[in-house]
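There are 4 protein chains.
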Amino acid sequence: MEDIEIDEVATPELENPVLIEGLPGVGHVGKLAAEHLLEEFDGELVRRVYATEFPPQVSVDDEGVAELTCAEFHAVETDGADLLVLTGDHQAGSNAGHYKLTSTFLDVAEEFGAERAFALGGVPTGELVEEYTVLGAVSDASLVDDLEDAGVEFRADEPAGGIVGVSGLVLGLGGRRGFEAACLMGETSGYLVDPKSARAVLETLEAVLEFTLDYESLEDRAEEMEEVVGKIQEMQEGPAVPDDDLRYIG
Amino acid sequence: MEDIEIDEVATPELENPVLIEGLPGVGHVGKLAAEHLLEEFDGELVRRVYATEFPPQVSVDDEGVAELTCAEFHAVETDGADLLVLTGDHQAGSNAGHYKLTSTFLDVAEEFGAERAFALGGVPTGELVEEYTVLGAVSDASLVDDLEDAGVEFRADEPAGGIVGVSGLVLGLGGRRGFEAACLMGETSGYLVDPKSARAVLETLEAVLEFTLDYESLEDRAEEMEEVVGKIQEMQEGPAVPDDDLRYIG
Amino acid sequence: MEDIEIDEVATPELENPVLIEGLPGVGHVGKLAAEHLLEEFDGELVRRVYATEFPPQVSVDDEGVAELTCAEFHAVETDGADLLVLTGDHQAGSNAGHYKLTSTFLDVAEEFGAERAFALGGVPTGELVEEYTVLGAVSDASLVDDLEDAGVEFRADEPAGGIVGVSGLVLGLGGRRGFEAACLMGETSGYLVDPKSARAVLETLEAVLEFTLDYESLEDRAEEMEEVVGKIQEMQEGPAVPDDDLRYIG
Amino acid sequence: MEDIEIDEVATPELENPVLIEGLPGVGHVGKLAAEHLLEEFDGELVRRVYATEFPPQVSVDDEGVAELTCAEFHAVETDGADLLVLTGDHQAGSNAGHYKLTSTFLDVAEEFGAERAFALGGVPTGELVEEYTVLGAVSDASLVDDLEDAGVEFRADEPAGGIVGVSGLVLGLGGRRGFEAACLMGETSGYLVDPKSARAVLETLEAVLEFTLDYESLEDRAEEMEEVVGKIQEMQEGPAVPDDDLRYIG
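Chains as they are written, first to last, in UniProt numbering: chain A, 1 to 250; chain B, 1 to 250; chain C, 1 to 250; chain D, 1 to 250.
Derived from the structure by calculation, the hints contain no laboratory data.
Glycine residues also receive a C-beta, built at the ideal position from the N, C-alpha and C atoms.
Just so you know, not all the hints are guaranteed correct.
With a cut-off of at most 25 Å between alpha-carbon atoms, the simulated SDA-like pairs for lysine to any residue come out as follows [what the hints assert, rightly or not]:
(1) D:Lys231 - C:Ala160
(2) C:Lys231 - C:Tyr132
(3) D:Lys231 - D:Val193
(4) C:Lys231 - C:Glu216
(5) B:Lys231 - B:Asp214
(6) A:Lys231 - B:Ser217
Covered, in the sense of this in silico footprint (three residues per stretch, anywhere, with C-beta under 8 Å from a C-beta of chain D), are these stretches of chain B [claimed, not checked]:
(7) 52 to 59
(8) 103 to 115
Kindly generate the complete structure, drawing on both the sequences and the hints.
See the structure below:
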């Protein structure tokens, strides 16, 4: 096997598609958001990317059929911009692997004519979030105004630790290649899978890319999560459960 | 030394041989099963695979002679199908190493004309197993029926964490190359070497590949393990031994 | 992306420039010292070095613009020698990465005509330092006398554990290429960011390279750190804080 | 820098030299033994091997001069066989690195005409050793008799965990290239640097390679270590020191 192998599943014509990256990360915000886009707009699978940097692993589907770990690109036509949505179950397993994979992802996006990219993710606040602010970072200062108009907040030198993983490199490597790249980070506790934060991120994306989303299924997941939080809180009022157990969920 | 070196020990003619992989893993189920096949059918060593991904290690035999860590292929003629049995003491030491090694293993299998592959292993239940179910996963849905007829169970989305290591990649990479690949996973506590689970796996293999095995030696090992379990239980009835000590054995 | 990419930002003529390396390390002594040089002498950015060995990370500046992790060379004209100052936020992530990166750094320095190199850093004493001695190590015994004249101490076989990371390799690899290389290590507790130790290192550099520095801004940082130390000492006089908390700061 | 660089310091003519490997390991037995050979027979440095697999580190000598981490070959003429002694301060940092380095070491040995190799090391017993047995392992069964005549013991399947690191690969890779290779492992507690075990290993080597060594300096080190052990035992008779502190020394 080559270090990276790309299956070309379909190559539809897209009009100035926008790369949307939603790999696993803090609160699974990016992944939830990207998957919601696929669900609502009936995305078409166009590429599978296999890499020896991914864990040596297959997942098993509901018929018992194994699928080798990969990242997937779906072409998504919305009522606004065309999207090229990147999802998957894993980030890379090493520093160099992150660079190599993100370069490949940007190659695929360029092949489809993409010149803009949004990396979706969460930014941990360490406490339960009441109001879901979306924090932004960009590859070029000229992109700030439009995003601020869409409700994205920019705060000097935040997030303090920078942005790591594929999302960070979509900005860093994408910017170096001439992509107009932005990272949209929904505030989230960091302890739980957070569909509400994913919604906040998608709402800013709606405003920027001029499409319209329905959020019913994401609402359902948010309600499930709230039940989980409720149960945890009940448990915590009991005697024996230590406070920090909360962080092991999600 | 090259990253991977293959010693061609012998190249007998085999008739549609089936690759059987049994490297170390949960409960050593796959390894026990593969070694039992070699013991019962007098396998012939055909290939040794050395790899810089393996630990830098030699084992020492009963005469004091060192053997460099490797994986071995044995040709095995049964009363049913011809087998190509892959065994060894180690998996790879990195993500990329697993992909590289499994690719090499599939190359060797193709060289002998294999088009089918079974990855043998265990699936941990976390508790002592009474009835030894064999769980299955396949590279293609068309393989499910025959395996179900042989008693293999398929459960939607199980094992939940997917299948990792060489076994997972025999399915994932093997399937991509056109192998008819299946993983047979014997249920096992996960805490002990489990010859009974290995037997359950071999019995389904007997049914599918139409050969007949004697299990006496595996029974002996199972009895030894039961004595071990008995002793552990006695010890646990004593005062000072913590419950979870069980998991450090095997 | 290549393993290492170099952006050529500017290529001013420098006269026998001296490479000054100040990457993060013990007490951030080297980094503080190098950054102080840039601040006081208005360095000009000449090269950015990107590497897949660096963390896959962007930092975000005060306008929300992301910058991909890199190391930077600044050309610095002083009233004495010309300098080529190497700074950054990260060392490499692996053994081989350190060698590869340092080789690249030395390539860049050679390109600008540098034949001398100073690696700046700290050496941990494990206790609060009263008098800031600067310990030296050199690529060639002929360099010792001049440095001793500038107040640098040489102690047989110290530091005991050798010098690790880019600083060590600037000596080791630099020496093998014919650089006159020295490491200047300010004594520092090892527990705190230490601007006073950085000043001690810079003062020896002033003497050797015949330039004059103002230390006001470094004094300010030293005072801030002293307030931090003061607060920690107060806290330690309270009942609940364990002694060794000190080491988690900075 | 290349992954591996070899400095050719000298290339004296040697007569059927025997490779003696003594890198750091259990009880530093191999390293002590190899260094004693260099000391007693006035070895001549012939090769330095640098590798990006070694830690990125320099050591500092008694004049403050830094030396880049490397392994060294010395040519040693004894009253018996000529030796090519391999010493150094580090093993490799990864699986693949061990294979690559050992291959290089064997290349150098072949270049000098070596066809025999002894890997020197210690085998941990977990308790203080009274009688210093030397355990053997060989690349070929034909080598056993001569070593047994020299007092080396061979025990079926020991050491149980095999032999790891460069010593193991001198046997494993050396044997595959046609070297007559043996590993001589002095029994040692595993908790302390053990000059007595090093002497036991050297005495068997004396018998096999027909040279004569003086052990005075090794005796001195053994006495120093015994004082250390004595102090530890005294401390252990005091109240506050836990038993297992012994293992953190050496």
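Self-check item: Satisfaction of hint between alanine 160 of chain C and lysine 231 of chain D, Cα-Cα up to 25 Å
Solution: holds, 24 Å
Quiz item: Taken at face value, is the distance from the CA of tyrosine 132 of chain C to the CA of lysine 231 of chain C at most 25 Å?
Solution: holds, 22 Å
Quiz item: Within a Cα-Cα threshold of 25 Å, do lysine 231 of chain B and aspartate 214 of chain B meet the stated pairing?
Solution: violated, 28 Å
Quiz item: Does the structure keep lysine 231 of chain A and serine 217 of chain B at a Cα separation of 25 Å or less?
Solution: violated, 51 Å
Self-check item: Coverage of the stretch 103 to 115 of chain B by chain D (three or more Cβ within 8 Å)
Solution: violated (count 0)
Practice problem: Go check the stretch 52 to 59 of chain B versus chain D for me, would you? Three or more residues, Cβ under 8 Å, otherwise it fails. | Solution: Satisfied; 8 residues make the cut.
Exercise. Starting from lysine 231 of chain D, check that the Cα of valine 193 of chain D is at most 25 Å away, please.
Key: Since the Cα atoms of lysine 231 of chain D and valine 193 of chain D sit roughly 15 Å apart, the hinted pair holds (cutoff 25 Å).
Quiz prompt | Pair hint outcome, lysine 231 of chain C versus glutamate 216 of chain C [Cα-Cα no greater than 25 Å] | solution = Since the Cα atoms of lysine 231 of chain C and glutamate 216 of chain C sit roughly 23 Å apart, the hinted pair holds (cutoff 25 Å).
When the structure is compared with the earlier hints, violations turn up for hints 5, 6 and 8 and for no others.
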